[in-house]
Amino acid sequence: MLDKNGIAKRIAREVKDGYYVNLGIGIPTLVANFVRNDIEVEFQSENGVLGMGPFPFEGEEDADVINAGKQTITTLPGASFFDSAMSFSMIRGQHVDLTILGAMEVAENGDIANWKIPGKMVKGMGGAMDLVASAENIIVAMMHTNRAGASKLLKTCSLPLTGVGCVKKIVTNMAVIEVTPQGFKLLERAPGVSVEDIKNATEGHLIVESDVPEMEL
Amino acid sequence: MINKKVADVTEALQGVKNHMTFMFGGFGLSGIPENAIAELVKLNVKGLTCISNNAGVDDFGLGLLLQQKQIKKMISSYVGENDEFERQMLSGELDVELIPQGTLAERARAAQAGFPAFYTPAGYGTEVAEGKETREFNGKMYVLEKAFDADFGFIKAWKGDAAGNLIFKGTARNFNPNICGAAKITVAEVEELVPVGELDPNQIHIPGIFVQRIFKGAHFEKRIEQRTVRPKS
Numbered sequence: 001m002l003d004k005n006g007i008a009k010r011i012a013r014e015v016k017d018g019y020y021v022n023l024g025i026g027i028p029t030l031v032a033n034f035v036r037n038d039i040e041v042e043f044q045s046e047n048g049v050l051g052m053g054p055f056p057f058e059g060e061e062d063a064d065v066i067n068a069g070k071q072t073i074t075t076l077p078g079a080s081f082f083d084s085a086m087s088f089s090m091i092r093g094q095h096v097d098l099t100i101l102g103a104m105e106v107a108e109n110g111d112i113a114n115w116k117i118p119g120k121m122v123k124g125m126g127g128a129m130d131l132v133a134s135a136e137n138i139i140v141a142m143m144h145t146n147r148a149g150a151s152k153l154l155k156t157c158s159l160p161l162t163g164v165g166c167v168k169k170i171v172t173n174m175a176v177i178e179v180t181p182q183g184f185k186l187l188e189r190a191p192g193v194s195v196e197d198i199k200n201a202t203e204g205h206l207i208v209e210s211d212v213p214e215m216e217l
Numbered sequence: 218m219i220n221k222k223v224a225d226v227t228e229a230l231q232g233v234k235n236h237m238t239f240m241f242g243g244f245g246l247s248g249i250p251e252n253a254i255a256e257l258v259k260l261n262v263k264g265l266t267c268i269s270n271n272a273g274v275d276d277f278g279l280g281l282l283l284q285q286k287q288i289k290k291m292i293s294s295y296v297g298e299n300d301e302f303e304r305q306m307l308s309g310e311l312d313v314e315l316i317p318q319g320t321l322a323e324r325a326r327a328a329q330a331g332f333p334a335f336y337t338p339a340g341y342g343t344e345v346a347e348g349k350e351t352r353e354f355n356g357k358m359y360v361l362e363k364a365f366d367a368d369f370g371f372i373k374a375w376k377g378d379a380a381g382n383l384i385f386k387g388t389a390r391n392f393n394p395n396i397c398g399a400a401k402i403t404v405a406e407v408e409e410l411v412p413v414g415e416l417d418p419n420q421i422h423i424p425g426i427f428v429q430r431i432f433k434g435a436h437f438e439k440r441i442e443q444r445t446v447r448p449k450s
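Same order as they appear, the protein sequences are chains A and B.
In terms of the numbering used here, the first sequence has 174 at position 174, counting the first letter as 1, and numbering is strictly consecutive.
So the mapping is simple: the numbering used here equals the position in the second sequence, first residue as 1, plus 217.
For reference, chain A alone in the conformation it holds in the complex (with noise of 0.2 Å):
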């Protein structure tokens, strides 16, 4: 079984050379820290940077330079600013080659939600909405079970929706899963983890065929 960091790790090798690529909060922030240093990739920030560097040394933090996660961050060279509209047009128009981001349900459709629990939590939908109704290329990084031990992939989702039919792959701390128009289709399993496991933990239809091989991090 994975901890956060091992899921962005196994994340991290979805990136690929030449990938502008937009970071949600949580998980999917811990992948730049595991993206390889020989290839390029530039991060996206919503709130209006291309080109995000690590967090700034202690004194240099400046409230004029966050990330969509409202944290202190720094730029790397060939770095630019933007404003929100443009932002957009990014992800909207799909230059943006690959979106990580969290969720408290994925369905086997590839619907996902992740923005409101009625009565509950409501904190809104950010920018979520605009990405997953956007990106051709989105990987959902989340535990495979909420903190009830309940799955999180389910056959439809129970939460209202933050985008419809858009999930293309998911990485949790037990599996590395495609969503197929048959369903979940599981590609790898975490070390130790095996598929009767994975089976127990996934509500939605899963689809094993034959060998299924252990994630490589």
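By construction, these hints were calculated from the structure, which means they are not laboratory data.
Mixed in with the good hints there might be a few duds.
Said to hold, decoys possible - In silico contact screen, one side only, chain B against chain A (beta carbon under 10 Å); selected entries:
#1 Glu298
#2 Val313
#3 Lys439
#4 Arg440
Beta carbons: idealized from backbone N, C-alpha and C, even for Gly.
Mind docking chain B on chain A? Use the hints.
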């Protein structure tokens, strides 16, 4: 040169009344019009509809207007950092419309650019699209979203001049340029008000035509919401 300079925030906010609709620049607490917000608190205008990506935190930004119960309706994309906001929303005191962030930016830009509405894929198939026109283009579904209609737009820039030309800094730019010219009156507060002619015309982000009033903010706290650093090795 058409002069847009006003003496101070008091003059800049003349004409502000109860029950008006305002747009605010800023993402989180970065690039928010701090001086205009402080003046709105002082004026204590009520029944406001506020369009802003976020709602501030409990004791700063639009949170200050929420504390005094000046806001009737909030149109935002993300409101997760404000307990008083959540309390007023769940108790029904505050009407809240949550919309996608890119849609918020584009509804402002559409108002600025003279488009009554536009189609976006964001929110299709979700409760955001309920009651709205949808249409298929090239095999994909889109939602019709309308331009904002606001009385005042309050924005913050880094540098400006009396002609109303503006330059923004870093990610404090965010929604600010999109709000310029999107409301009936755009009020810009700047950190530095420089003599006309000093700004290089090649470097201006927003031309003065989109700004009606400009003033140098008396004070900018520029609070950091999440201070994240790495140690000097």
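Here is what the structure says about each hint:
no.	hint	result
1	Glu298	holds (8 Å)
2	Val313	holds (8 Å)
3	Lys439	holds (4 Å)
4	Arg440	holds (7 Å)
Every hint, counting from the list given before, is met by this structure.
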